[in-house]
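Visitor: Read off the chains here:
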Amino acid sequence: MPLNIAVCVKRVPDTAADKNLDPTDFTLRREPDESILNPVDEVAVEEALRLKEAHGGEVTVVTVGPEAALTKAARRALSMGCDKVVHLSDPVLHGSDAQAIAYALACVLRRGSYDLIVCGSESTDARTSLVPPALAEYLNLPGLFHARTVEVEGDRVRVQREADQGYDVIEGPLPAVVGINWGANEPRYPSFKGIQGAKNKPVESLTAADVGIESTRVGLAGSQSQVLGFAARSAERRRILVDNKDGNAHVKLADFLQEAKLI
Amino acid sequence: MAAMGGDGFELSEEQEEFRKVVRAFAEEVIGPRAAEIDETDEFPWDIHKAMVAQGFLGIGLPEELGGAGGGPLDVCVLIEELARVSGGVSVIPLVNRLAAIPILLAGSDAQKREVVEGLVSGEHQYSYCLTEPGSGSDAAAMSSRAVRDGDGWRLTGQKRFITNAGISDRYVYFAVTDPEGEKGHNITAFLVPGDAPGFSLGRSEKKMGIRGSPTREVFCEDVPLTDADVIGEVHKGFQVALRTLDFARPTVAAQAVGIAQGALDQAVLYVRQREQFGKPIGEFQGIRFMLADMATATEAARLLAYKAASMVAAGDPRTGYFAAMAKTFASDTAMSVTTDAVQLLGGYGYIKDFPVERMMRDAKITQIYEGTNQIQRVVIARSLLHSGGPGRKA
Ligand SMILES: Cc1cc2nc3c(=O)[nH]c(=O)nc-3n(C[C@H](O)[C@H](O)[C@H](O)COP(=O)(O)OP(=O)(O)OC[C@H]3O[C@@H](n4cnc5c(N)ncnc54)[C@H](O)[C@@H]3O)c2cc1C
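As you go down the protein sequences, you meet chains A and B in turn. Under our numbering, the first residue of the first sequence is numbered 17, with each subsequent residue one higher. Under our numbering, the first residue of the second sequence is numbered -11, with each subsequent residue one higher.
A few of these clues could be false.
Computed Cβ-Cβ distance ranges for the label pairs, DEER-style [unchecked claim]: (1) A:I256 <-> B:E105: 52 to 62 angstroms; (2) A:K215 <-> B:L291: 40 to 50 angstroms; (3) A:S129 <-> B:A38: 47 to 57 angstroms; (4) B:Q273 <-> A:F42: 35 to 45 angstroms; (5) A:A237 <-> B:P50: 51 to 61 angstroms; (6) B:G54 <-> A:A179: 43 to 53 angstroms; (7) B:L291 <-> A:G213: 53 to 63 angstroms; (8) A:N216 <-> B:V256: 32 to 42 angstroms; (9) B:F272 <-> A:A179: 30 to 40 angstroms; (10) A:V185 <-> B:R276: 56 to 66 angstroms; (11) B:E16 <-> A:F42: 32 to 42 angstroms.
Just a sample of chain B residues kept apart from chain A, beta carbon distances all over 12 angstroms, derived [said to hold, decoys possible]: (12) A12; (13) R133; (14) G266; (15) M278; (16) S324.
It is worth saying that the hints were derived from the structure and are not from the lab. The structure displayed is predicted, hence computed values, not measured ones. Yeah, the Cβ is synthetic: ideal placement off N, Cα and C, and Gly gets one too.
The following block holds chain A by itself, in its conformation from the complex:
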């Protein structure tokens, strides 16, 4: 059965670039030129494309945000092989928190009849991991999150959900919302032809009014959480000395790294 897949993507500041917060409203200053497709969403796009390759169908990219969401994030997804874009952009959305964005996305997604909605589990800027579950809730669809594998069989989707020490296998009926974890796959590089063709793929541009978003439920004012301040985390350097008197420094070092959750 061909799948009608939507993949939700976000643009984030380039992981290599300096990040700045706007001191007036504590939103992230987003320099358009330094935006990239959220790396975890790239994994989601890859997963969506593999499902399309296995089952046939179509992958629609859904993104919310100003122009750069389209030109940086969505276009990258198109150059990887997605078929078209639905782009929601509206000044009323500025400052929306994760829940408000999920609401806005739900308003967009409700207009299509998608079998599967795929999201990255988190974005590298805000890292709340709230959007996929909130989205499932707004759409009243089953949510399968933190997936490390995704399989569709007939009208059911099955994922391996990553847990601390292993994984759970969970399954649900389509349509469903799936959140993909970092590392679930190795995203492809866009091909030369994919890059050349990306600009010619269809883009549907929507405003909040087009999809029936109530403006009181989005933006800074419509968000239920507010950022009140910020501070830089002090990066304190620590030095540890591992002695090797009893000849097992390697074990002690490994213990330390494990405790610090570095390995």
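The hints should help you fit chain B with the ligand onto chain A, whose structure is shown.
Guide: Just chain B with the ligand, lined up with the frame of chain A:
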């Protein structure tokens, strides 16, 4: 960044995006292997395969024949970004393209289809055989001979310094077909399969740089060929060889720019974190001025390379003149920038734990192959003095 359609001053948005992709590929796939390839001097088949899968070998080859499309500027971006990480690996698309150009310029439809399909699928690779033991810069003085034998040809000769010989299975081979004829107008290009009877290879040269790309002698002894193996017209092969070099030199320039950029990037990283006299050495003006000069020369070389590449694309009659300048300036820049990068890393620059000494060794070949820089200067000056003014066709 405004797209100006890739005219050489500003790459198009797509070209910038393509650059990012190649850079990520180079850093992730080639980067971890670069030092090892240099050390072992073994052809990296795994990377060739990965580049084929990524479609890199089809860049700049006509779409209607199954290539990925794109033009000389896209090829420059590709080669530049590969060379930024590994000069040796960047030779793979470079030399395959060098050998494909004569076929695309003058070959039959069947030869064109075969070369594009072969390179794109990775099933075939091509080498370009011009240089001989007795004829390097004076390439037209070659002594390889092909003689008529019934309907076909018999080819005998020896070529030297043939890049990727033994890796390739298709050889574009230039030989004299009219020993009595005028020099340069008596040469024909042939397509010789690597498994032809009488075809053999010499040992792999032990090289200073671009290691991992074998350079070998090629021997032909009475190799039987047919008219279908002739590329273009009989006796017109040398003109094809020269036009090919005009077309390919911008890509050697791009390779040089990539090597220079790689060394500059390493140097910048290093001077920021290396501390002496209580501060990062990048705080010292003497270091900063060196970096500024390295960056300026690299950018200028890049512009000249892109300019020459856009001229190839446009079929500009001044291509040869600009291609020679681009190759000369970019390769001289690669040599000076990599040498300075080694200097900026001090003793660490001189040892193999850091990539800049490899880059310095890799840079040197760009001043030598596809015509030494002296020969480029001969071309530039000839164009200035004998062809009706600067920039006219030589
Ligand atoms: C690693 C490597 C890969 C190569 N790959 C290929 C390949 O794939 N295919 C191929 O056909 N060839 C290849 N070559 C050959 C290369 O193109 C030649 O080495 C080059 O053209 C110079 O020829 P030569 O070595 O015979 O030097 P020579 O021509 O003997 O030159 C020696 C010196 O004299 C200078 N000189 C010569 N004539 C003049 C002049 N008129 N005025 C001023 N100076 C002059 C030269 O610039 C040089 O400095 C490769 C070489 C190397 C080292």
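Visitor: Determine whether the non-interface label on A12 (chain B) survives the test: each CB of chain A must be over 12 angstroms from its CB.
Guide: The assertion about A12 (chain B) is violated, with a minimum of 6 angstroms to chain A.
Visitor: Does the beta carbon distance between I256 (chain A) and E105 (chain B) stay inside 52 to 62 angstroms, or does it fall outside?
Guide: holds (59 angstroms)
Visitor: Does the hinted range 32 to 42 angstroms hold for E16 (chain B) and F42 (chain A) at CB?
Guide: holds (35 angstroms)
Visitor: Does the claim that G266 (chain B) lies off the interface hold, with its Cβ farther than 12 angstroms from every Cβ of chain A?
Guide: holds (18 angstroms)
Visitor: Looking only at beta-carbon atoms, does the pair Q273 (chain B), F42 (chain A) fall within the given range of 35 to 45 angstroms?
Guide: holds (40 angstroms)
Visitor: The hint says 56 to 66 angstroms between V185 (chain A) and R276 (chain B); measuring C-beta to C-beta, is that right?
Guide: Hint holds: Cβ distance 58 angstroms, inside 56 to 66 angstroms.
Visitor: Taking the Cβ atom of A237 (chain A) and the Cβ atom of P50 (chain B), is their distance within the range 51 to 61 angstroms?
Guide: holds (56 angstroms)
Visitor: Range hint 53 to 63 angstroms: satisfied by the CB atoms of L291 (chain B) and G213 (chain A)?
Guide: violated (28 angstroms)
Visitor: Does the Cβ-Cβ separation between F272 (chain B) and A179 (chain A) fall within 30 to 40 angstroms?
Guide: The hint (30 to 40 angstroms, Cβ to Cβ) is violated, given that F272 (chain B) and A179 (chain A) are roughly 53 angstroms apart.
Visitor: Just checking, R133 (chain B) versus chain A, shortest CB gap more than 12 angstroms?
Guide: holds (41 angstroms)
Visitor: So M278 (chain B) supposedly isn't at the interface. Is its beta-carbon more than 12 angstroms from every beta-carbon in chain A?
Guide: holds (25 angstroms)
Visitor: Is the hinted range of 32 to 42 angstroms satisfied by the C-beta distance from N216 (chain A) to V256 (chain B)?
Guide: At 38 angstroms between Cβs, range holds.
The structure does not agree with the numbered hints 2, 3, 7, 9 and 12 stated previously, though it agrees with the rest.
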